[in-house]
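**Q** Using the sequences plus the hints, can you model the full thing?
Counted the way mature numbering (1 follows the signal peptide of the UniProt record, and there is no 0) counts, the sequence shown spans residues -19 to -1, 1 to 176.
Hints in this document: simulated from the structure, not taken from any laboratory.
Built from N, CA and C at the ideal position, the CB exists for glycine as well.
Take these hints with a grain of salt, some might be off.
Claimed, not checked - 20 Å max Cα-Cα, derived PhoX-like pairs, lysine-lysine:
#1 Lys115 - Lys17
#2 Lys115 - Lys20
#3 Lys84 - Lys17
#4 Lys84 - Lys115
Claimed, not checked - What follows is a list of derived Cβ distance ranges for each label pair:
#5 Val29 - Val133: 37 to 47 Å
#6 Arg56 - Met130: 23 to 33 Å
#7 Gln146 - Gly44: 30 to 40 Å
#8 Asn33 - Thr54: 29 to 39 Å
#9 Ile52 - Thr128: 21 to 31 Å
#10 Gln35 - Met147: 15 to 25 Å
#11 Arg56 - Gln35: 36 to 46 Å
#12 Asp80 - Leu126: 43 to 53 Å
#13 Pro132 - Ile104: 14 to 24 Å
#14 Thr60 - Lys20: 47 to 57 Å
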Amino acid sequence: MKAWCVVLTISLMVTMSSSESKGNGRNQNAESLWAKTTKIAPEKQTMVSLTNLQFYFHDTLSGPTPSATTIATSRLTNTSKTLFGLLNMVDDPLTIGPDLNSKVIGRARGIYGCAGQTSFGIIMALGFVFLEGKYNGSTISINGLNTAMNPVRELTIVGGTGVFQMARGVAHVRTIRFDPVTLDATMWYNVTVYH
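**A** This is how it looks when you write it as structure tokens:
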């Protein structure tokens, strides 16, 4: 039953993340600052695209307008050094630069939870919806374990919509800023997507 609930939750998140409105009239040339698509050799007469996306993910739990909020804790969370059992819901901005006020090119929507009892690890189920140029309204789905204490982490691209239909790939993640008091963080994502 729990597995079914997890599958349903992830399916709903992907569906909801693809409903972002389209056609906001922004400068489509700005996407060249953060995205590049290359056609690669066909496999069985099917052309596959390879897209590299680089952007910053801002997870803000503090202040008057947080982009992430805690939705559940366990009886162990408050005494756990790894925050085991903490579950957060997010609608985090994705920006071109490391500053939160830089151009927003998308949103990260979904959930993440602290899943390690002996070492810090975050299980993530996120839909990234893009808002710029030809990527406007397209999504990629991220699922995996974020070993946040490592300098570089890998997360799996498990699907996508729009331009990224049938996406698969990997996201390499580096922490740029982390506040241990507020738990606010900025991460750099280098995403490689086959679609």
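**Q** Are the hints correct? Go through all of them and say.
**A** Hints, one by one, checked against the model:
Note on Lys115 and Lys17: the hinted pairing holds, with a Cα-Cα distance of about 11 Å set against a maximum of 20 Å. For the proposed pair Lys115 and Lys20, the alpha carbon gap of about 16 Å is at most 20 Å, so the pair holds. Taking the CA atoms of Lys84 and Lys17, the gap is about 17 Å. The hint holds against a cut of 20 Å. At most 20 Å may separate the alpha-carbon atoms for a hinted pair to count; Lys84 and Lys115 meet this at roughly 16 Å.
Separation of Val29 from Val133 is about 26 Å and departs from the stated range, judged on CB atoms against 37 to 47 Å. Checked against the hint of 23 to 33 Å, the pair Arg56 and Met130 passes, with Cβ atoms roughly 24 Å apart. Range check, Gln146 to Gly44: Cβ separation about 37 Å, and the 30 to 40 Å hint holds. Take Asn33 and Thr54: their Cβ atoms lie about 37 Å apart, and the range 29 to 39 Å holds.
At about 22 Å, the CB distance of Ile52 to Thr128 agrees with the hint of 21 to 31 Å. Taking 15 to 25 Å as the suggested C-beta distance range, the pair Gln35 and Met147 conforms, at roughly 22 Å. Roughly 40 Å separates the CB atoms of Arg56 and Gln35, a value that falls within the hinted 36 to 46 Å. Hint check: Asp80 to Leu126, Cβ distance near 28 Å, so the stated range 43 to 53 Å is violated.
In this structure the supplied range 14 to 24 Å holds for Pro132 paired with Ile104, their Cβ-Cβ distance being about 20 Å. For Thr60 and Lys20, the Cβ-Cβ distance of about 53 Å falls inside the hinted range of 47 to 57 Å, so the restraint holds.
Comparing the model with each numbered hint stated earlier shows that hints 5 and 12 do not hold.
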